[in-house]
Amino acid sequence: MSQYEPRIVGFLCNWCGYAGADLAGTSRLSYPTNIRIIRVMCSGRVEPAFVLNAFENGADGVLVAGCHPGDCHYRSGNQHAEKRIEKTKKLLDVVGIGSDRLRLEWVSAAEGEKFASVIKDFTEKLRVKGPSWLGKEPSGASAKQSVKEPIHDILKRTKALYCQECGKCSSSCPVTRLDPLYSPRLAVEKALIGLEDDVLTDKGLWSCLTCYLCRQRCPLDIEYDELIRTCRAKAAASGIVGNCSHEGVLFSLSRLMAHPETRQNRLEWVPKEAEIAKTGEVLYFTGCLPYFNVVFDDINVSNVEIAQSMLKILNAAGIKPVLLENERCCGHDLSFAGDRQNFEKLAKMNMAAIMETHASTVVTTCPECYRTLKTDYPELLGQPKFEVLHASEFLSSLIDGGKIKFPGKLGMKVSYQDPCRLGRHMGVYDSPRKVITSIPGVELVEMNRNRESSLCCGVSAWMGCGRHSKQMQMERLAEAKGTAADLLVTACPKCQIHLNCALSEKLPVSKEEVAIQTCDLSVLVARALNLTQSSDKMEMIKK
Amino acid sequence: MSEKPSVLVIGGGIAGIQASLDLAGRGFQVYVLEETPTIGGRMAQLDKTFPTMDCSICILAPKMMECFRHPNIKLLTYSELKEIKGSVGNFRVKILQKPRYVDGTKCTGCGTCAEHCPVEVPNEFDMELGMRKAIYMPMPQAVPRCMTLDKENCIDCKLCTKMCRAGAVDFQQEPQDVNLKVGAIIIATGFNQYDPSEIVEYGYKKNKNVLTALEFERWVCASGPVAGHLLRPADGGIPKRIAFIQCVGSRGTKFGAPFCSSVCCMYATKEALIIREHAPDVQVHIFYNELRAFGKGFHEFVNRARTEYGVNYIRSRPGEIKEDPRTKSLTIWYDDTFTREIKSLNDVDLVVLCPALLPRESNRKLAGIMGIELDECGFFKVVHPLLAPVDTTVPGIYVCGYCQSPKDIPDSVAQASAAAARAAEALTLVQVQRTE
Amino acid sequence: MADQFEPRILGFLCNWCSYAGADLAGVSRISYPTNIRIIRTMCSGRVDPLHVLEALRQGIDGVLVTGCHIGDCHYITGNQACEKRVKFLKDTLDQIGIDSRRLRLEWVSASEGGKFARVVKEFIEEIRQLGPSPLRKEILESASQ
Amino acid sequence: MAELQIEKPRIGVFVCHCGINIGGVVNVPQVVKYAQTLPDVAYAEGNIYTCSAEGIDSIKRAIKEHSLNRVVVASCTPRTHEPLFRGACVDAGVNPYLFELANIREQCSWVHMREPTKATEKAKDIVRMAAARASFLMPQQESEVPVETTALVIGGGISGITSALCLANQGFKVYLIEKEPELGGMLRKIYKLYPTDEDASKVLHASVEAVMSHKNISVLTSTTTKAVNGYIGNFEVTVLKNAQEHKFKAGTVIIATGAVEFRPTNMYGYDKYDRVLTQVDLEQVLKSGKAAVDKFFKPQTVAMIQCVGAREEKPPRSYCSRLCCMVAVKNAMLLREWYPSSEVYIIYQDMQTYGKDYEDHHRKAREAGIRFINYTKENPPQVAPLPNDRLKLTVYHALLGEKRELNCDLIVLSTPLVQQEGAKELSKILKVPLGQDEFFLEAHVKLRPVDFATDGIYVCGTAHGPKDIGEAISQAYAVSSRAAGPMANRKVRTEAITAVVDKERCIGCRMCENLCPFGAHRVEEGKSTVIEALCKGCGVCAAACMRRAISMKHFTDDQIMAEIKTAFIMEAPKPPASSNLEGGT
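As given, the protein sequences belong to chains A, B, C and D, one line each in that order.
Residue 543, in this note's numbering, is where the first sequence stops; the numbers in between run on with no holes.
Residue 979, in this note's numbering, is where the second sequence stops; the numbers in between run on with no holes.
Residue 1124, in this note's numbering, is where the third sequence stops; the numbers in between run on with no holes.
Residue 1709, in this note's numbering, is where the fourth sequence stops; the numbers in between run on with no holes.
Don't take every hint at face value.
Claimed, not checked - Below are the SDA-like pairs computed for lysine to any residue, each with C-alpha atoms no more than 25 Å apart in a straight line: (1) K156(A) / L1458(D); (2) K1555(D) / S1079(C); (3) K156(A) / Q1473(D); (4) K1100(C) / G1148(D); (5) K749(B) / D430(A); (6) K1094(C) / E919(B); (7) K278(A) / N265(A); (8) K886(B) / L1524(D); (9) K865(B) / E446(A); (10) K625(B) / E695(B); (11) K705(B) / D1181(D); (12) K1365(D) / L1344(D).
As the list claims (entries may be wrong) - Anything over 12 Å on all C-beta distances counts as not near chain A; from chain B, calculated: (13) S549; (14) N615; (15) Y621; (16) E626; (17) T655; (18) H659; (19) V769; (20) D778; (21) P801; (22) P823; (23) I857; (24) S859; (25) S887; (26) S905; (27) T978.
To be verified - Reference listing, derived: stretches of chain B covered by chain D, where coverage requires no fewer than 3 residues with Cβ under 8 Å from a Cβ of chain D: (28) 591-599; (29) 630-641; (30) 681-693; (31) 743-756; (32) 802-814; (33) 834-842; (34) 915-928.
Don't read these hints as lab results, they were simulated from the structure.
Even glycine gets a Cβ: it sits at the ideal position worked out from N, Cα and C.
Can you make the complete structure from the sequences, with help from the hints?
So this is what it looks like as C-alpha cells:
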C-alpha cells in the first residue's frame, strides 16, 4: 500500500478554478503531483459521463472546481454543475464507487492557496480510502475484441443471403421513412455484392432501432436485428462507434458493472416493509431501474416505482422474491452497440449470480432484460435451469391462479404500447393485454398500429436519439391520444422514459394533440390492487 | 377380360377433365372423382384467362358438358376416396358418395327449391363473397346439373320438398359406397389459396377493400356476387385506383410457401386488363418482385398491358397497407426499388393480394390411402422431375396439374394429356403381359 | 345529309385466319364501328365475284374481303385465287362506273385482332369519303323521281 | 332426310346474354322480340347462358315443343361453341348441319361496348342474316375415315424420342426421323441437367438405346421431310434420306423439331473477344471436364448476362425464353463448385425461377454466394477489353443505384432459344402455322396446347416454344395421348363440308382440277369428280367454276346470297324504317 498514489482528474473552469490553479503556481505553492488537470470553460460543462469515464479509465478521484456561487462567468453555469455533480454522486453511490471520490469545490481566481489545500486534502483522503478497484484493470471505452466471422458467414447465418431485394423492409422501417439515407434493404444489398466496407462505415448502421419490424415482415425472415448487431460489433472492433445518447453515461455504467470487482449499492429503493430473500423460487431481476431513477429524475418518470410496485405485488401474492444484491446490467445495450466483450462478462456474472440463488423462475419488468436473459444468455452459455418470464406473463399467471384479486373498479380507458423486445422480438402480445383487461373497470383501446405492427418508441440501446426519434415519439403519442385513452400503459421502462422525455421537451405541436399520461404495467396493477398510493393525476383520471 | 380398361381420375378440374376426355376418347372407361358438387374446378371460378383473354367458363363449359355427355365417362361428384388396394392393372377402389339429398335422376336443376329455401349461407364457389341457399347449385354452368342440399345448414323446414315438382328432394338419402376396379389412377387435385390474414400488415379480412386474387376473380366475374360490376367491396363505391400485390406468402420462408406459384404475375396482368376494359379511367398498379412472364406470348402480353393499357408496374413488395378508418380507402407504403424512394400510394380503393397457391391439405390423406409420397411442400412427388414428370412413386398412379408442381392452365392441360398417355401406356403393357 | 351518312359494309372473312382475327379483336375488346356485317366463308377463295356484285347491287356501300396472309392459307393457295379475282373485279367495277375502292382485299391473320379493327375503321372512313353507293335504293329511287 | 328438304323451315332462335358479356351491351330482349318477327322463325327466346346445361335443355325442349327443324343460336363464335350446340340438335333429332351460330359477342358486343344502341341494331342484323341462311341449310352426313395406326415423329431430340417410345409402347408403329446423323438434339450439347444435376449424355444414352431397340420404331437419321400429303389418318409421307426418297403412310404427324440457341452476333463483343461465350458454348467447355478447362484458364471473376437478344421490343424475339435464368444459375453454381474462390455474377432483369424446384435452386445459388445484379433494358451492361485477355464489364446495379465495374475473365451471354431454320419450310409442308415468335402456333393457347387446327398434326417440345426438359417431356407424352386417340379408334369422323359437282352442268373444262391444291378434283370422262376424303372444303373451285356446276356443301351460293341480301335493311334513313325485310329483292 505504501506505493499507492491516488490518481486524480481535475476539471477546472477557465475563469476561476483554472486561474486559481495558475495563481497557486505563480505563488509557488506546492501541492501533490497526483492531479491531472483538464480545462473547461465552465464547471457547467462537466457532464456525469466525463466523471464516469475518468473512473472507467482508472482515476481514484475526480475534482471539479468552479467559480463561487454568484460569480459564474456564465451567470448560472456553476449552479448546473452543482446539480449534475449531485446526480453523479448518486450514481457513484449506487454503482459502488462512492460519492466521496467525487469532489466539487468553488475556487476563485484569487484562491491559489485554497486550490493547493483542496488538492492536498483530497489526495490525503483518497490515500486513506485506498485505490478504486477500477485502477487495476481499465475497461476502456470500446471493446477491441475483433469479430472473426467473415461477412459471408454473417449474411448466411442471418439469412440475408436470401434477400430478394423486394423493399418490404425499407418500406416498413420507421427510420427509413423519416431518413431516406438509411435503408435496411440497401445495407443488405451492398453487403451482398461485396461492398462490406461501405456497410461497416455507413452511418446508417447506427440508425437502426433493431425494432424488428423489418424482420417481422420480411418474407424470408432475414434476421436484420442480428445482422446489425454483428456488423456493429465488427465496426466497433475497427474503432467505429455509434452516436450514444446521454453522452454515453449509461454505457459507462454498464461497463463499470462489467468489472468483476464492482460492488453496488443497488437495493436502496427497497421499502423497509418489503419482504425479500437471498435464495428462493422466484427471482425478480430489477434491471437498471435504480440508475434510470437518477439519470431520468427530471422527466416526470419514477423508475424505481416500477420495481417497488412489482415487489409489492409479489409480496401481496405471497411471494418473497430474491433480489440480487449485486445484480449487473444484463448487457443488452452493450451487445446492441457492438461491445461484445463486456456483454459476455456481464452475462457470465449475472448467470452465476442467478444460479447461486437456486431460483427456478426469473421475472423481469424490463423487456430488454427479458430478451437477453431468455435468448441471448442461453445462446452464449447454454440453456439454464430457470425459466424467464416477463412481468406481464407472471402477473397474468398470478391473476389466473387467483393469487391476486382486484378489490375495486378503476374506471378508465387505457391504451397499450407494445415494446419491440417484448412484442416482436419475443412474441409476447397477449399477456400484457390480458393483465390490463382483467382489471375491473379498465377498457383497453388499441392504437392503429398495434401488436406486430406497433411503432417503436424511437430509440433503442441508448443510441442515435435525434430529430427522427422525436418525430416518431410525437407520432406515437398522437396516435395514443387519438384513441381517447386516459392512460398509455407500457411494459418497458425505456418506452416510458422515451415517450415522457418527448413530452417534457418543447412540443412541436399543441399539447392537446399529444400529451398523455404514461404508466408502467406493474405500476398500474399495483395501484389497482391498492398497494401504492395513486398519484394526483391518477385520481383525476378516475374521476 | 373383355371389360374395357378403366382409369380413375381424382379431381374434376381442367386437368382432370382433359385427362378424362383423352382417355375416354380412345375407348377407355373413365371415372371422375370430384369432392364438390360440380366438376370445373378452379378454372370455372376464373373470369378470363391469359394471355388470350378468353372468357374462362366460355371455353371450359363445353368441355365440362362433353365430359358429362361422354358415354365412356362416369362422373362421381360430391364424393370421397376411401380406400385403394391392388396394383397397376388391378386397383380396387372404394369411394363414398355423399348424399346430396336430391335425386339426380329426377332433378332438372330448375332452382325453384333454392328460390324458396329460407337459409342463406356464404357461397364457397364465390369465395364466400356472395350467398347461396342451403339447397343450391354452386354455379349456373354446374355439371351435373343437379341441386345439392347442404345438411349442415339446413333447418329442416322441408320447404324444398314441398316446392319441388319433380319430387327430387329426398331427405332419406344415405351415403353410398361405390366400388370400382380400375387399371390406373390419375391424380389432379389442383390447389388451394393461401389465407394471407397472418400477414397482418396487409390487413386482409380486417380491411374490407382488400381482396385475394380468387375473390377478385369472382368479384369481377359477370356471374359473380356483384354481376361483374367493378365496385369497392367496403361500400359499393366506384373505384378509381386499384393495386395488386404479388408474392403474398410465396417465395418466402416465414409465411405461406417457399416456392413461386408461377401464375400470379400473369393473372394479375390479366385482371389489370379486365379492369382497364371495364373502366378505362381506373388506375391500375401492380407491385411485383420479379415479373415472371415466361410462357408463350406472356412477355408480350405484359408489354401490351404496360404500353397499350397503361398498367403501372412497380418493382416492390409493399411494407404495409393502411386503412383510413373513415373513408375505408387504403394507403400502400412501398420502396420504389428502382429509384430507392420510400413512397406511399394514397387513396387506393381496392387492393388485390396475390397469395401463394398451395397444394391441397387433403393431398396428405390421399397420399396415405394410395401409398405414394409427397414432397416437403405437399406436392405429389414424381419419380424424376425431368424424365418422368407424371409418374408417382407407385406404378400405375400418375399425377398432373398444379398438384404436381405450380403451373398454369396450358401446362396443366398438356400434363393432363401426358398423364393420360402414361396411363394408356401402362394399361397397354398390362394387357400385353396378360395375353402373353 | 353527308355527315349522317353511315356506310354499310359487308365483310367476307375466311374461317381460319380472318374470322379468327375478328374474334380476337372481340376477345381483346378492340372497338371498331358497327357499320360492318360479316359473312363467314371457309376460305377467301370461296368468295365468288357474283357474291360481291350481288352485294353491291343490294346497295351495300363497300365490300371487304379478308383472308390469310399469302403463304398462310389453310388451303394453301385459296387466297392467291382470291387475289386474282379481286383484281379482276376491281377492273370491272371501274369500267361499269362504280369506284373500285368500294371493294377492298386485306390479309388478316388469326393473331391480328388489332389489324382487323384498324382495317375496318379505315375502310369505313374511306367509304364515308366516297359517299353512299350509287346503287343505294333510296338514291336510285330519288333519281327515278 | 329427303322429307326435311321439302318441309317448310321452322327456325328456333336462341339469344344468349352470356352473363353480361352480350347482355351488358346488346339489348337481348329486343333482339329476341325482333327475331320472332323474322320469316320462317317459329320460336325465339333469350338465355342467360345458352351453353349451360339449362340452355342446352331449353334448345332441346323447344325443338320438341315447337317442331323446330332449324336452330339459330346468337351467342359467341362458332369456332368454339358450334360442336356443343350441334350436339344439342343431334340429341333432339335435328341434323347438326341445320344449326347456325350468329356471332353477336366477339363480333358485336365485345367490339361495340360503348355503342349499345347501334350494337343492338347490328345484333338484330346478324340474327336476321343467320336466320336467312338457316332457311337454306341442308342436312349433311359426316363420314368416317379409317386411320392408319402409324405415327410420324419429326425430330429425334428428347421430345421426339419420348413421344415415339410412348406411342410404340402402346402398340403403334412409329417412324422417327432426324435431320442430323445422330439422335439427341439439343441434349447432346448440354453438360449437366438441372435441377437434378445429372449428366445429360447419360440420360440421353438410355433413351436413345430404348428407341433404337424398340420393335415398333423405325429410326431414320440424316433424313428430312419432303412432302406430307393427305389428311388425318391417311398422310402420305415422303422423306429424303441421303438424297433418296422414301414413302410411307402415317395416321398422325408429330412435330418435335426442337429449337436452337440464338447466336448473339454483334452483342457484348461476342464476335470480338474469345472470353465472351454463350451458355451453350460454356456447356461445351464444361463438358470437356475440369482438367481441360484448367489448362485453358481458371476463372476468377465470371459474369453472366441474362436476356441477351430476348425480351426485345419487337418480334420475333420479344419473348422470354423461360429457361435461361435456370441455366445460368446451374452453370454459375457449377463454376463456383469447381473454382470456390471465384466470384460469379448473374446480371439479370427478372429471375425466372418459377415453380418449386427452380425457386429452391435460386435460393441455393444465393446461399452459395452467387452475386445477383439487377439491370434494366435502358441501362445495359457494357463490355470493354482489358490487358491479359480480361474484360471490363461496367454494369449499373439498378436496385442499388450504383455503377459497378467488374474485371472479368469470362463473360457468358444467356441467349434465348429460337426456331430452327427449316421450320418455315416444314410449316408449309404440313400447312400448320408459325406464330409471331416463329415457333409453331398451337390450336388454342389455353386448352389445346399441343394440337393444331388441322387434325392429326401435333407439336411438342421446344418447337412450340422455349421450355425445360421436364416440360418438353410432359408435352411429348401429351402429344402421344392426342395422337393415340384417333389411332386407337382406327377411325375419325370428318366434316361433311365438301364440293359437289353437278354433272349436268359440268363441261369438263379442268379449271377446278388445275385450281385445287389438294388434287380433290379429277376430270374423268369429260366430267369432274370430287374425291371427298381429299377435299378440304375451301370452295375455291366453286367460286371459279364458269358453269356454276360446283356447289359447296354448307356454303352454297343460296346460303351466302341469303346473307348478302339480309345484311342490311335497305331503305332510306328517312322516313323511318318499315318492317319489310326483303327490301332489295
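The hints, checked one at a time:
Simply put, K156(A) and L1458(D) have alpha-carbon atoms about 20 Å apart, close enough for the 25 Å limit, and the pair holds. Of the pairs offered as hints, the one joining K1555(D) and S1079(C) is violated, with about 33 Å between alpha carbons and a cut-off of 25 Å exceeded. A hinted pair counts as satisfied when its Cα atoms are at most 25 Å apart, and K156(A) with Q1473(D) qualifies at roughly 24 Å. Our distance criterion of 25 Å between C-alpha atoms is met by K1100(C) and G1148(D), whose separation comes to about 23 Å.
The straight-line distance between the Cα atoms of K749(B) and D430(A) is roughly 19 Å, inside the 25 Å bound, and the hint therefore holds. Distance hint between K1094(C) and E919(B) is unfulfilled; the C-alpha atoms sit about 49 Å from each other, more than 25 Å. With a C-alpha separation of about 15 Å, the suggested pair K278(A) and N265(A) falls inside the 25 Å cut-off, and the hint holds. Taken as a hint, the K886(B) and L1524(D) pair is honoured in the structure, with Cα atoms around 17 Å apart against an allowance of 25 Å.
Among the hinted pairs, K865(B) with E446(A) is consistent with the structure: their alpha-carbon atoms are about 15 Å apart, no more than 25 Å. Among the hinted pairs, K625(B) with E695(B) is consistent with the structure: their alpha-carbon atoms are about 21 Å apart, no more than 25 Å. A hinted pair counts as satisfied when its Cα atoms are at most 25 Å apart, and K705(B) with D1181(D) qualifies at roughly 24 Å. A C-alpha spacing of about 8 Å is found between K1365(D) and L1344(D), which places the hinted pair at or below 25 Å, so the restraint holds.
A cut-off of 12 Å between C-beta atoms confirms that S549(B) is not in contact with chain A; the least separation is 45 Å. Distance to chain A confirms N615(B) as a non-interface residue, since its nearest Cβ pair spans about 47 Å, more than 12 Å. Against the 12 Å criterion, Y621(B) stays outside the reach of chain A, whose nearest CB is about 37 Å from its own CB. Even its closest Cβ contact with chain A, about 40 Å, leaves E626(B) beyond 12 Å, as expected for a residue assigned away from the interface.
Against chain A, the non-interface label of T655(B) holds: every CB pair exceeds 12 Å, the least being about 49 Å. At roughly 44 Å, the least C-beta separation between H659(B) and chain A is larger than 12 Å, which holds for a residue marked as non-interface. Distance check on V769(B): its Cβ is at least 29 Å (rounded) from any Cβ of chain A, clearing the 12 Å threshold; non-interface status holds. Under the 12 Å C-beta cut-off, the non-interface status given to D778(B) relative to chain A holds; the minimum distance is some 20 Å.
Residue-level check failed: P801(B) sits 9 Å from the nearest beta carbon of chain A, not beyond 12 Å. The Cβ of P823(B) sits about 29 Å from the closest Cβ of chain A, beyond the 12 Å cut-off, so the non-interface label holds. At roughly 10 Å, the least C-beta separation between I857(B) and chain A is not larger than 12 Å, which violates its mark as non-interface. Under the 12 Å C-beta cut-off, the non-interface status given to S859(B) relative to chain A is violated; the minimum distance is some 4 Å.
Non-interface status of S887(B) relative to chain A is broken: a Cβ of that chain comes within 12 Å, the nearest being about 9 Å off. Once the 12 Å rule is applied to beta carbons, S905(B) is consistent with being away from chain A; the minimum gap is 26 Å. Listed as a non-interface residue, T978(B) keeps its Cβ farther than 12 Å from every Cβ of chain A; the least gap is roughly 56 Å. Here's how the region 591-599 of chain B fares: 5 of its residues keep a CB closer than 8 Å to some CB of chain D, so the rule of at least three is met and the hint holds.
Under a criterion of three residues with beta carbons nearer than 8 Å to beta carbons of chain D, the stated coverage of the region 630-641 of chain B fails, only 0 such residues being counted. With a threshold of 8 Å between beta carbons, the proposed coverage of the region 681-693 of chain B by chain D holds, since 6 of its residues qualify and at least three are required. For a cut-off of 8 Å, the count of residues in the region 743-756 of chain B with a CB near a CB of chain D stands at 0, and the three-residue condition is violated. Proximity of the region 802-814 of chain B to chain D, defined as three or more residues with a beta carbon under 8 Å from a beta carbon of that chain, is established by the 3 residues found.
Coverage of the region 834-842 of chain B by chain D holds. Counting CB-CB distances below 8 Å, 9 residues qualify, and the rule asks for three or more. With 5 residues carrying a beta carbon less than 8 Å from a beta carbon of chain D, the region 915-928 of chain B meets the three-residue requirement, and the given coverage holds.
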